[in-house]
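Number of protein chains: 2
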Amino acid sequence: MNTGLQNLKFKIQNLKWAISFIAFLSLCQTALAQKAEWVWYPGDYEIWLSNQMQNRRTERGVFFPVFWKIDNHYPLIDFHKVFELTEPEEVEIYVQGQYNVKLDGKAFEGYPRKITVPAGKHKINIKVFNQAQVPAIFVRGKKIVSDSTWLVTFEDKEWIDETGKTSDVSTTKWMNAGMWNFYDPKQLPSDFKLPVKPAEAATSTKESGGTLIDFGKETFGYIKLHNLKGRGKLAIYYGESREEALDTAHTETYDKLNIDQTGGDYTVDLSKAFRFVNIIADAGISFDKASMLYEYADLQDKGGFKCNDEEINKIYDVAKYTFHLSTKEFFIDGIKRDRWVWSGDAYQSYLMNYYLTNDNGTVKRTTLSLRGKDPVTSHINTIMDYTLYWFLGVYDYYLYSGDAAFVKDNYDRMKSLMAYVLGRRNKDGLLEGLPGDWVFIDWAEGLSKQGAVSFEQLLFARSLETMALVADLVQEKEDAGMYAGLAKDVKKKLFDLYWNEQKQAIVHSYVNGKPTDHVTRYANMFAIFFDYLSDAQKKNIKNTVLLNNSVPPITTPYMRFYEMEALCALGEQNYVTKEMKSYWGGMLKLGATSFWEEYNPKKSGAEHYAMYGRKYGKSLCHAWGASPLYLLGKYYLGVKPTGAGYSTYTIEPALGGLKWMEGKVPTPAGNIELYCSTNNIKVSSPVGTGKLVLKSKKAPSSKEGSFVNKGNNVYELTLEKDKKYEIKYQAL
Amino acid sequence: MNTGLQNLKFKIQNLKWAISFIAFLSLCQTALAQKAEWVWYPGDYEIWLSNQMQNRRTERGVFFPVFWKIDNHYPLIDFHKVFELTEPEEVEIYVQGQYNVKLDGKAFEGYPRKITVPAGKHKINIKVFNQAQVPAIFVRGKKIVSDSTWLVTFEDKEWIDETGKTSDVSTTKWMNAGMWNFYDPKQLPSDFKLPVKPAEAATSTKESGGTLIDFGKETFGYIKLHNLKGRGKLAIYYGESREEALDTAHTETYDKLNIDQTGGDYTVDLSKAFRFVNIIADAGISFDKASMLYEYADLQDKGGFKCNDEEINKIYDVAKYTFHLSTKEFFIDGIKRDRWVWSGDAYQSYLMNYYLTNDNGTVKRTTLSLRGKDPVTSHINTIMDYTLYWFLGVYDYYLYSGDAAFVKDNYDRMKSLMAYVLGRRNKDGLLEGLPGDWVFIDWAEGLSKQGAVSFEQLLFARSLETMALVADLVQEKEDAGMYAGLAKDVKKKLFDLYWNEQKQAIVHSYVNGKPTDHVTRYANMFAIFFDYLSDAQKKNIKNTVLLNNSVPPITTPYMRFYEMEALCALGEQNYVTKEMKSYWGGMLKLGATSFWEEYNPKKSGAEHYAMYGRKYGKSLCHAWGASPLYLLGKYYLGVKPTGAGYSTYTIEPALGGLKWMEGKVPTPAGNIELYCSTNNIKVSSPVGTGKLVLKSKKAPSSKEGSFVNKGNNVYELTLEKDKKYEIKYQAL
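Those sequence lines, one after another, are chains A and B.
Going by the numbering used here, the letters in the first sequence line up with residues 682 to 1413, in that order.
Going by the numbering used here, the letters in the second sequence line up with residues 682 to 1413, in that order.
Worth flagging that the hints you see were computed from the coordinates, not collected in a lab.
Take these hints with a grain of salt, some might be off.
The list makes no distinction among identical chains, and a pair is therefore deemed to hold if it is satisfied within one copy or across any two copies.
Taking lysine to aspartate or glutamate pairs in the EDC-like style, the calculated list, with each CA pair at most 20 Å apart, reads [what the hints assert, rightly or not]:
(1) 783 with 1403
(2) 854 with 1055
(3) 1096 with 1055
(4) 910 with 790
(5) 750 with 1055
(6) 1173 with 1407
(7) 1220 with 976
Bear in mind that the values here come from a model prediction, so they are computed numbers and not experimental data.
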């Protein structure tokens, strides 16, 4: 059995590399330091912005905010940096809030918009108070510019004693400023809005007293009515399905407007999700047409996938569209509802992002907004598993991005969240739902949440490993040892208490001091791709659990994600290809233009739209439906980092029954590119040192480098940076 | 030696009384429940408002915010209450923020301003999101009205599972809503401003290119220029002294305005402290006159004091004025600067308040705003002693007001603050300044802050006693025992480690495992009125410390407050009367119209105005200068509660050399009234059971009740509620 800490080997093996990578990043930072941008206290803008975004949910005209604690920014922030100038320079200052500016501790009168800084070494402080928005500054001189190298604090402790002497600031904690590429001083951070672009409807028809407009596919944005005239009431009923738009008594979202216009265009206030809209207006109200403003996060696709199977290509494309629709300022769950940041959903978006858009910004913003502020009073989103996914997200972010600076800055927030978790263990040291905790796992009828569920312990163990990893990065050796010890202990318990030798599976839960004998898929799946099992255990679980129809099936794309991942990790790509075609392909056959929150092939017609006891409660565009993005990148193209930021990585292509495939996987340094057929492979990488692992009937050949025969038809080739490899082999 | 816990006896003895008092209060609440008012999450508005107030400080045109962490409100709050209606009623709803309204869990569409609630038992929920201001509601029906009986939370945990069922809210923490007598639905809490009234200048003269205006006494508000005409620059230099207003290069506050007016009045934006203003304008700018809008907190005087000595009467009046000027939305330190809420300063204002205005609201608001929010990252105002005064303030508030509800609601905040304090003890279990801690004690040259200062341990012990008291009130028996034990331990150490048998005094500090042999007044004074000493120790300290000129003198009115209190507690009123006349009388002789931050009789002329290395750095109106209000009430009239809310109390009049005095001391039920000459006393009380303690040459006589001879010329009479007592005696 592998130990989980072996999974952490990327930390140790690649420390040297990580250090040079940090040096490289800091060089970049210096090079970029000339570009001024808005900066703030890290996490504060992210929390503020997610509050704005998450409170845009409505349900049948009712404002529907989240039910967990939302935090607030620090209203008073001190920003500073020391500069060394060879010549004097004039510096422009833009501030969101009430402020003062000090040069070497001496304040300028009033609220200066421009100051002159003489040559020499100087410290600039700007202190900003803003209760309503996040205190933010934009400073632009020649050399003096605001960026993330400025230091910030919410507590500067600059007291003076009776002689006028300033005093002990030795424990003031300075953080690197937060930012998000806002380079325009006139564009205030609090005014930020996602971009929009106009889009036309596909069809417009008169239906039962209204106008039914079809935009041809699931979409998101603001309805715009052209040349609107008249006076009276106008209602817009939104539908992800035709049925929903027409069923005005049950449609999930609508706008009811009071119109008094004599022409011109009218755009609704609040963006919504829809494919159809049904517009019902009082007599005397008219409009020429309805179009929309499509609202989106402007992320570019870096990764890609294409193969000989057009259905798989279509699944990949619809997954891409689903992912883009569900990516706004942050990774959200779905676009009709909840438009909230849910940690479990976001965790899957992170993974898909690494294989498609590879946008670190959205991962970091989502991570910060989910974490919120101390004190921790509840699990993230009130869900125990969602707190734990948050740690896993940090682990993966470091692995995929190599961004040690962010995870290190994050360590204090990790520590206090973990302290909360550790404070909620039961007498066996296991996580068991306490009053007020939501143990979610999955939407599945009759799923027991009683006692200490094995699935939660699995996430707990990996969370503790993440703590050990980051403690090590910030050189808190004592912490690192403590967390590693705790992780080891939880993992040991997982096998001592939950492993059923007879069933050759991890059982679902441990209740009143005894393991149950009920087996579910959850813990078993995760144990496989966490690599917590021996090869023998894995093989057995495949048959006793994953391919065993008597174990309750998974019905949500959410957990299908992990089920498919586990099967891929066991080399069952052929099986997964079939499942993908039947499950995701099944949705496509029903006309899905984005993937759903839940899909049960046994249902038919409008039954598919119901959930939560509501006729159209189900979201038809849910991020967790887009998992093929991840599966095809990680387990078909087979590309995965093994060292932080792809300092080392593995490529283990698996066609899963396809004839050929080609694709790109983004890394911090650019794309790894791969073409793979049953006898031919082309691969190149701009980063790190890779290991190409092939199963071939005969020894493969490559012009560059040479394969090592690992036995059992497995061959390995070391891949060097920036070289192109063309390989002949014969797929097993 | 008395134990400190004996001081807490009011808690035990009067528990029954307290319970009936709570029942009485809750009856009042029911009776008042028909009056609708704005409500919010308790503490949030107080924090928000103090942020606004404290960021009104400027120094020579520079915005000067606080240097400690300021907190923020919860942006998302759920309000609810269950009502039982005999008939349906219409309910108006006013909200600050974006909101929804639910009746028995079912939401109304949109943002209803009026709803109808049917007869029967119903639960109303209002959920409000507001990032910029504090979420607040005002609800007014016949029976359904918003008030502090509504329950609020920042985390309702109303999640639903896949069947649509709402889930575990068992651990949701509901608090009683906060409020501040805002009865007008159109007057939004965020728009609150202190009232103002116009006031005229005393004189106006031309001086060196400007107009010098004298308002006749220290005051506070907005300068108003009448019939202002012209275009150009106009500067207003504010002076607490004539010198400051004229010395434009050093005046502490000013306004520099750009004028472009053709008449009409102009009022400046920001209120300021001044007696004089010096207005210097460009040629061509003219105004008819300058007046002011006096800004004040509308608190009524309830207590009072008058005696045969006109100088003492004048001191009392100027102290009253100083106190009123320094009381705004919160108790602040001083009106020129800092206009901040400082815990040590506020603590003294609380005590003065109990003898003058007895306004619970300002005490509670100040307490909440000082406490801020978790996590605690620093001492209150960064000062160790100021954290500890905060606990003392809670102790006294309970003693004087009997308001158990507030201190009980406050318990969680007390606990987390004390956890911070306990986490900062040194290896001896003593409080010693750690890096970043400001050990203040007093403004005094050369005062050592090294090691564990005895003064801090004294405050620490009383703070722990406060914790034990409140833990007991909230029936956290285990906590109560723990805190009482800790208090006992700190007190024991105080005497084991700091008591110098030879010097018969508590020494100043304990450094590197050894007591120093330096004696200062601080700990010795507090030990007296905390009643931590035996009678013999007290008597010795009076001579070895308090009346010993070789012990460094106190120079601030801040510590004079406690020095005078200690002397009074030792029966040295005659001495204190002389000190009062020389020290406070000394300031009056220099023309003071309010009492100062610091007074050193050895200085002369404008030297008096300097502090912090600045010519006019000293505040000439500082709350801590007003202590005669407290001394005369508590130690001359001699009225003090011994049970919570004056359930029991003592009156021990001491003329201190005066021929006669008369006065009123407010209690929760009205005023205790007292007249006292050397042979005649009249007293009545509307509350509790009192003990009149007299020193008399012969047995006193009273028509009501009878005196008990306690020996040594001390006689005691039990005072019953609502009776008038006239007593003949012969003062010793």
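Using 20 Å as the alpha-carbon threshold, which applies to residue 783 and residue 1403: within, between, both, or neither? neither (49 Å within a copy, 62 Å between copies)
Check residue 1096 against residue 1055 for me: Cα-Cα at most 20 Å, and say if that holds within a copy, between copies, both or neither. Classified as both: same-chain Cα gap 11 Å, cross-chain 16 Å, threshold 20 Å.
Indicate which option fits the pair residue 1220, residue 976 if close means a Cα-Cα distance not exceeding 20 Å: within, between, both or neither. Answer is neither; intra-copy 46 Å and inter-copy 80 Å both fail.
I want to check one pair: residue 750 and residue 1055. Are their C-alpha atoms no more than 20 Å apart within a copy, between two copies, both, or neither? This pair counts as both: shortest intra-copy Cα distance 11 Å, inter-copy 14 Å.
Residue 854 and residue 1055: within-copy, between-copy, both or neither at 20 Å Cα: both (15 Å within a copy, 17 Å between copies)
Measure nothing new, just compare the shortest in-copy and cross-copy C-alpha distances for residue 1173 and residue 1407 to 20 Å and report within, between, both or neither. neither (44 Å within a copy, 82 Å between copies)
Checking an output row: residue 910 and residue 790, CA cutoff 20 Å. Within, between, both or neither? Answer is neither; intra-copy 54 Å and inter-copy 26 Å both fail.
Consistency note: the structure conflicts with the earlier hints numbered 1, 4, 6 and 7.
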